[in-house]
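> Based on the sequences and whatever the hints tell you, model everything.
Below are the chains, spelled out letter by letter.
Protein chains: 2
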Amino acid sequence: MTFDEIVRTRRSIRKFVADKTPPRELVDAVVQAGLEAPTGRNRQSSAIIRIDDKDLQSRIRKLNAEIMGPPPPGRLPDPFYLAPVILLVVANAAADTAVYDGSLAMGNMMLKAHELGLASCWIHRAREEMETPLGKEILERAGLEGEWIGVGHLALGYADMELPAPHPVREGRYRSI
Amino acid sequence: MTFDEIVRTRRSIRKFVADKTPPRELVDAVVQAGLEAPTGRNRQSSAIIRIDDKDLQSRIRKLNAEIMGPPPPGRLPDPFYLAPVILLVVANAAADTAVYDGSLAMGNMMLKAHELGLASCWIHRAREEMETPLGKEILERAGLEGEWIGVGHLALGYADMELPAPHPVREGRYRSI
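Heads up: the sequence lines are chains Y and E, in that order. Residue 28 in this note's numbering is what sits at position 28 of the first sequence, and the numbering runs on without skipping anything. Residue 157 in this note's numbering is what sits at position 157 of the second sequence, and the numbering runs on without skipping anything.
Simulated from the structure, these hints should not be mistaken for laboratory data. Incorrect hints may have been included.
Note: identical chains are not told apart, hence a pair may lie in one copy or across any two.
Only pairs whose alpha carbons sit at most 25 Å apart, straight line, appear in this in silico SDA-like list of lysine to any residue [claimed, not checked]:
#, residue 1, residue 2
1, Lys136, Asp96
2, Lys62, Ala94
3, Lys15, Ala93
4, Lys54, Tyr174
5, Lys136, Gly172
6, Lys54, Ser12
7, Lys15, His167
See below:
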């Protein structure tokens, strides 16, 4: 796929094959694209935590659901849509570009996932999650010291649906003055 | 270039050929990639304003320099490094994903610019700028109503230097637990 094709045809996927985990090398390639995203003054303030521990995954899914409140009608109670892989992007609070840096890592990962034929979706509430005791536990287990901001989770896996058509870009979002 | 090559070899450029403006179709292609970035719940909360008016550009450069304070030693007083094109990304404050959405637009634009052989750099202080009277004037001239958050500026043009080698990714930014 060309860059334009990757950008244009990528869609957020909210239905995953729960028991089909992508090979580690594909997950690593997705993460690598995230790590290579630009960061303010090259401080490389973002870090990516792959949540392998299934029990920890469950606790994250549960906490995220609690922060979210009742899901929209027709949505699964799991805010990660049963995705088998959860990547958590955090960014060092000492960097004033932390949220921007982490977002660019998320963006690169979504694009790379799509190029590799994987499905992904940005799952929010990482900021709130990282302010809870579970967030502190995650940082400690990951060996990340200091203050970190939760930027986003990437739910990753294989789509259990056809890839939807691209969203049309709404008129009026490009202005010149 | 493959996606990996684009991601890996892109660098922020801080030295532009001041009087060499990229053709409009290249600038538009960069903007298009930004508009096609994902947005929370597809609200398409981001908008991209191309600042063509040279007088307005000067005022933005001057205000940005004031917000920044004295430049680092050896840096130009213009925080945009004389880049001929300034793209301003704003995001609708009504969307709780505004900053993330705008950041993803910035990310796609930096990647697309690099694929096209253009140089770019994310220039910050857009948030502060949009809270000033000049920011309000920009929104009014652009015809954007309501509350908007400044996310970033993209300085865009041709590099007046060799492309630097990629930054090595620092160890320890990828963890698994």
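> For a quick check of understanding: which of the numbered hints are violated here, in increasing order?
2 and 3
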